[in-house]
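Protein chains: 4
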Amino acid sequence: MSEKIKVAVTGAGGRMGREVVKMVLEDASLELVAAVDRSGAGQDAGELAGLKPCGIIAASDLDLALSENKADVLVDFTVPSVVYANTVTAIRHGVRPVVGATGFTPQQIEELDGLCREANIGGLIAPNFSIGAILMMQFAAKAAEYLPHVEIIETHGDQKLDAPSGTAIKTAELIAQGREKIKQGNPDEEEILPGARGGEYDGFRIHSLRLPGVFAQQEVVFGGYGQSLKIRHDSYERAGYMPGVNIGIKKVMDYTGMVYGFEHLM
Amino acid sequence: MSEKIKVAVTGAGGRMGREVVKMVLEDASLELVAAVDRSGAGQDAGELAGLKPCGIIAASDLDLALSENKADVLVDFTVPSVVYANTVTAIRHGVRPVVGATGFTPQQIEELDGLCREANIGGLIAPNFSIGAILMMQFAAKAAEYLPHVEIIETHGDQKLDAPSGTAIKTAELIAQGREKIKQGNPDEEEILPGARGGEYDGFRIHSLRLPGVFAQQEVVFGGYGQSLKIRHDSYERAGYMPGVNIGIKKVMDYTGMVYGFEHLM
Amino acid sequence: MSEKIKVAVTGAGGRMGREVVKMVLEDASLELVAAVDRSGAGQDAGELAGLKPCGIIAASDLDLALSENKADVLVDFTVPSVVYANTVTAIRHGVRPVVGATGFTPQQIEELDGLCREANIGGLIAPNFSIGAILMMQFAAKAAEYLPHVEIIETHGDQKLDAPSGTAIKTAELIAQGREKIKQGNPDEEEILPGARGGEYDGFRIHSLRLPGVFAQQEVVFGGYGQSLKIRHDSYERAGYMPGVNIGIKKVMDYTGMVYGFEHLM
Amino acid sequence: MSEKIKVAVTGAGGRMGREVVKMVLEDASLELVAAVDRSGAGQDAGELAGLKPCGIIAASDLDLALSENKADVLVDFTVPSVVYANTVTAIRHGVRPVVGATGFTPQQIEELDGLCREANIGGLIAPNFSIGAILMMQFAAKAAEYLPHVEIIETHGDQKLDAPSGTAIKTAELIAQGREKIKQGNPDEEEILPGARGGEYDGFRIHSLRLPGVFAQQEVVFGGYGQSLKIRHDSYERAGYMPGVNIGIKKVMDYTGMVYGFEHLM
Numbered sequence: 003m004s005e006k007i008k009v010a011v012t013g014a015g016g017r018m019g020r021e022v023v024k025m026v027l028e029d030a031s032l033e034l035v036a037a038v039d040r041s042g043a044g045q046d047a048g049e050l051a052g053l054k055p056c057g058i059i060a061a062s063d064l065d066l067a068l069s070e071n072k073a074d075v076l077v078d079f080t081v082p083s084v085v086y087a088n089t090v091t092a093i094r095h096g097v098r099p100v101v102g103a104t105g106f107t108p109q110q111i112e113e114l115d116g117l118c119r120e121a122n123i124g125g126l127i128a129p130n131f132s133i134g135a136i137l138m139m140q141f142a143a144k145a146a147e148y149l150p151h152v153e154i155i156e157t158h159g160d161q162k163l164d165a166p167s168g169t170a171i172k173t174a175e176l177i178a179q180g181r182e183k184i185k186q187g188n189p190d191e192e193e194i195l196p197g198a199r200g201g202e203y204d205g206f207r208i209h210s211l212r213l214p215g216v217f218a219q220q221e222v223v224f225g226g227y228g229q230s231l232k233i234r235h236d237s238y239e240r241a242g243y244m245p246g247v248n249i250g251i252k253k254v255m256d257y258t259g260m261v262y263g264f265e266h267l268m
Numbered sequence: 003m004s005e006k007i008k009v010a011v012t013g014a015g016g017r018m019g020r021e022v023v024k025m026v027l028e029d030a031s032l033e034l035v036a037a038v039d040r041s042g043a044g045q046d047a048g049e050l051a052g053l054k055p056c057g058i059i060a061a062s063d064l065d066l067a068l069s070e071n072k073a074d075v076l077v078d079f080t081v082p083s084v085v086y087a088n089t090v091t092a093i094r095h096g097v098r099p100v101v102g103a104t105g106f107t108p109q110q111i112e113e114l115d116g117l118c119r120e121a122n123i124g125g126l127i128a129p130n131f132s133i134g135a136i137l138m139m140q141f142a143a144k145a146a147e148y149l150p151h152v153e154i155i156e157t158h159g160d161q162k163l164d165a166p167s168g169t170a171i172k173t174a175e176l177i178a179q180g181r182e183k184i185k186q187g188n189p190d191e192e193e194i195l196p197g198a199r200g201g202e203y204d205g206f207r208i209h210s211l212r213l214p215g216v217f218a219q220q221e222v223v224f225g226g227y228g229q230s231l232k233i234r235h236d237s238y239e240r241a242g243y244m245p246g247v248n249i250g251i252k253k254v255m256d257y258t259g260m261v262y263g264f265e266h267l268m
Numbered sequence: 003m004s005e006k007i008k009v010a011v012t013g014a015g016g017r018m019g020r021e022v023v024k025m026v027l028e029d030a031s032l033e034l035v036a037a038v039d040r041s042g043a044g045q046d047a048g049e050l051a052g053l054k055p056c057g058i059i060a061a062s063d064l065d066l067a068l069s070e071n072k073a074d075v076l077v078d079f080t081v082p083s084v085v086y087a088n089t090v091t092a093i094r095h096g097v098r099p100v101v102g103a104t105g106f107t108p109q110q111i112e113e114l115d116g117l118c119r120e121a122n123i124g125g126l127i128a129p130n131f132s133i134g135a136i137l138m139m140q141f142a143a144k145a146a147e148y149l150p151h152v153e154i155i156e157t158h159g160d161q162k163l164d165a166p167s168g169t170a171i172k173t174a175e176l177i178a179q180g181r182e183k184i185k186q187g188n189p190d191e192e193e194i195l196p197g198a199r200g201g202e203y204d205g206f207r208i209h210s211l212r213l214p215g216v217f218a219q220q221e222v223v224f225g226g227y228g229q230s231l232k233i234r235h236d237s238y239e240r241a242g243y244m245p246g247v248n249i250g251i252k253k254v255m256d257y258t259g260m261v262y263g264f265e266h267l268m
Numbered sequence: 003m004s005e006k007i008k009v010a011v012t013g014a015g016g017r018m019g020r021e022v023v024k025m026v027l028e029d030a031s032l033e034l035v036a037a038v039d040r041s042g043a044g045q046d047a048g049e050l051a052g053l054k055p056c057g058i059i060a061a062s063d064l065d066l067a068l069s070e071n072k073a074d075v076l077v078d079f080t081v082p083s084v085v086y087a088n089t090v091t092a093i094r095h096g097v098r099p100v101v102g103a104t105g106f107t108p109q110q111i112e113e114l115d116g117l118c119r120e121a122n123i124g125g126l127i128a129p130n131f132s133i134g135a136i137l138m139m140q141f142a143a144k145a146a147e148y149l150p151h152v153e154i155i156e157t158h159g160d161q162k163l164d165a166p167s168g169t170a171i172k173t174a175e176l177i178a179q180g181r182e183k184i185k186q187g188n189p190d191e192e193e194i195l196p197g198a199r200g201g202e203y204d205g206f207r208i209h210s211l212r213l214p215g216v217f218a219q220q221e222v223v224f225g226g227y228g229q230s231l232k233i234r235h236d237s238y239e240r241a242g243y244m245p246g247v248n249i250g251i252k253k254v255m256d257y258t259g260m261v262y263g264f265e266h267l268m
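These protein sequences, in sequence, are chains A, B, C and D. Quick note: to get my numbering, add 2 to the position in the first sequence (first position is 1). Quick note: to get my numbering, add 2 to the position in the second sequence (first position is 1). Quick note: to get my numbering, add 2 to the position in the third sequence (first position is 1). Quick note: to get my numbering, add 2 to the position in the fourth sequence (first position is 1).
Each hint should be verified, as a subset may be incorrect.
Copies of the same chain are indistinguishable here, so a pair counts whether it falls within one copy or spans any two.
Here are the computed lysine-lysine pairs in the DSSO-like style, where the Cα-Cα straight-line distance is at most 27 Å [to be verified]: (1) K253 x K183; (2) K183 x K252; (3) K172 x K232; (4) K172 x K72.
Because the hints were derived from the structure by calculation, they are not lab data.
With the rest of the complex left out, here is chain A (with noise of 0.2 Å):
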């Protein structure tokens, strides 16, 4: 990697932003080129992400932020109202996006896989950049074809809104593609307190955990005969992501077209 690859990052002041910032700047084979950012416009990149100037003072606008800098990557953290219209922009500028977002349809997938068809360039949208976790998910499916007794553990802050949690539903769909279909457990059984036994996911359970001091853990726990298998992931902190989207940046320069999912890149 003689040259290094540029890289424009938006919602450069949030809290994602900021550690994509750190990343890019920390990693001597990745050159920050542009940040964008409302509400730190005008500032430098470095000081929002609390480090010292980079040189690289935030724009207000991703438009003309790429077409005053040439880049290579662009970066994508923001929220849901705003992410696809900064994908389309980076694709028309010939920028190849790295986006983490859960919201996109597939039908806004297939069209923005056919705008980097045409621009030909490569693009990267995910839900999870967590290698970590990613793993834990490919293991977990593969597991299910051999063990179909599973049950997930999932554990989040005591805070989070929903249960279970987006990883563990995901997890679910991919046990349950190559796992015998059995319905779990004793037919006849009674639960003495409502919920107990967890909810249902095609004939297994997923049990919800809310606890202070958590980031975000799962544990999937396989039952055979005399043996049990337990795949475990615990995430310490939002900066885990990191690893992944610097793989991320480095091999959507190698291929034409848009990825969905960074298990795809493993």
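Use these hints to put chains B, C and D onto chain A, whose structure you have.
Below, chains B, C and D alone, put in the same frame as chain A:
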């Protein structure tokens, strides 16, 4: 302990009774003096337990067996329908009952305590003889005084009928006694899958997993500011009760009255 | 599978052999046709396994037993001193060997592969028939490609002689193949208690715990930026091998040549 | 607690000091009255902590700061070289010291206890303010009285210099006090990889893992007849000490003399 403690065993051919016979025969400070088993009557108690003959032939009637053999302690793990009568019979013979059972009413225990005191002997009734499980419950109760955010996860074999387990409910009762009364979780939280958040007990949650290959497991998880504390007990087999029964046999020699709960001997 | 697979078992009165007999008798698609056991010769194989009589009387000589009874598969979990000869005998009779053993040399396996191919039958030799343990090893090897910081913790019964366990060393070998070669930990780290940091294998560490009440457990822990991934296998009893042996018996019918390692059938 | 407790903080610009300032400012029953920080002198203590200004300007000298501002409690998490002098200074001003430090000698603690008693105030020195970690140690010590087969596994960040951790050694000391003296494991056991069985402490073993992404974790595992008991504490961040410091500030108001060890307040 210069003299051996003389032990009688009921249900000597049953699953727990056989373990008791084995344990008594293996401890040089104990002596098996009588065994009772309706369907195994006439057979050697050692052979019923899968060992070589020990010279004690199983009788069919407890009253008769205790008349013919001087015993210090009766160990009884029989079924609810006969255990109360067996306990009374033992006390009437001046034999200290060590009983594994859950179904006694407070009134029955009080009556048995009176009978023990009249006979000037000790007695022990315990739903749980597992030292590790009792420590888990004691520790969980203590931790809840300092860390009120708690969830219980219990796992049992997949043919178990009731959820949560008796141990989980007992643990929850003990936790509730010293825990600050708070309703955990986000007040606006939403279960996408009904039951995902588990069964509620006094503001905290219990989750029941049912998997083949598991005998009995429980984990109590506490979440605090930047930390979590977990107390976990795994029981691999019925024989895990025997060290507790052994301690019970020895301790019941030293006090008067009926003790309910093995934890009071720890 | 319209016709039953005819199974012969050696060491039918030994610890593993009895489990094999039980498993064969319980599977309607398998038929026990011969049993060999030196010390149990003349007894019914069902009774040797602690079940009711099954009509197959244990023989003392494998060669004779296979001459008198047409078998499809021989399951052999006997001791290193006889297992090679047994395997050759089976192949000479056109009987597919399914062997649980660790001591074969690469040369022996190659020879047996040749014999199988000449006889146009399949064979299977596996040090480990536990599906969960094999999945654990495969997942650990895969994860190490992405998360090179890894430690292995294995726990076995407290009377085990060697540390680390064979499974831990096998896991370490598989991890080392795809893992970036780094020496983990602080180069200046100091052991206040010698051995605290465990045994080193190719730059990472293995820790062996020995505790009563445990059969076999292993956890592989990966640490990354803000996250950790754990893969854990708990084996509760010898019987945990049987689902793997059962699969082995069925799969060995469908290929030619000797397969070494159950993982190649998954 | 009708009146606020007046709190002074040393090292207010350091890693722990900033957390203390934050905690004090967020608790309505506490009032920050003074802050000391050599390199941050002249700056607002709230700003040093990354919050908005709170009106307390950091001073450079503790003696002067305590002369000018009436404080009830001094919280000191500074370095070994100054912490003893700071503690003496506080007591001389009639200010109760709450100190996080490990290096005090028994003689120093006795002297400080004498000074506290002369001044008729309380004081607290604690190597560990983590409530969860202290509960873990207390539970481990108690469990070891009943289950003498035990191993400790501790995990810290991969740049830590010493192994085992101070917490692991402290836990081992507490376990050793009540545990039956046995040397665990098979007397003939053999380490194929030197160090695999961990570091020995009084007949049991300690295992130290070092992985990136981990702050501080410890698990104490007990093995018994057919069961295991695990007590695990995971610390995610430095801020995990603050609930303990908060309790310390409030409890130190109610007694006289120097207490060494937060566990004595639980």
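These are the hints, each one checked on the structure:
no.	hint	verdict
1	K253 x K183	between (37 Å within a copy, 22 Å between copies)
2	K183 x K252	between (40 Å within a copy, 21 Å between copies)
3	K172 x K232	both (17 Å within a copy, 19 Å between copies)
4	K172 x K72	neither (36 Å within a copy, 50 Å between copies)
Of the numbered hints given earlier, the model fails hint 4 alone.
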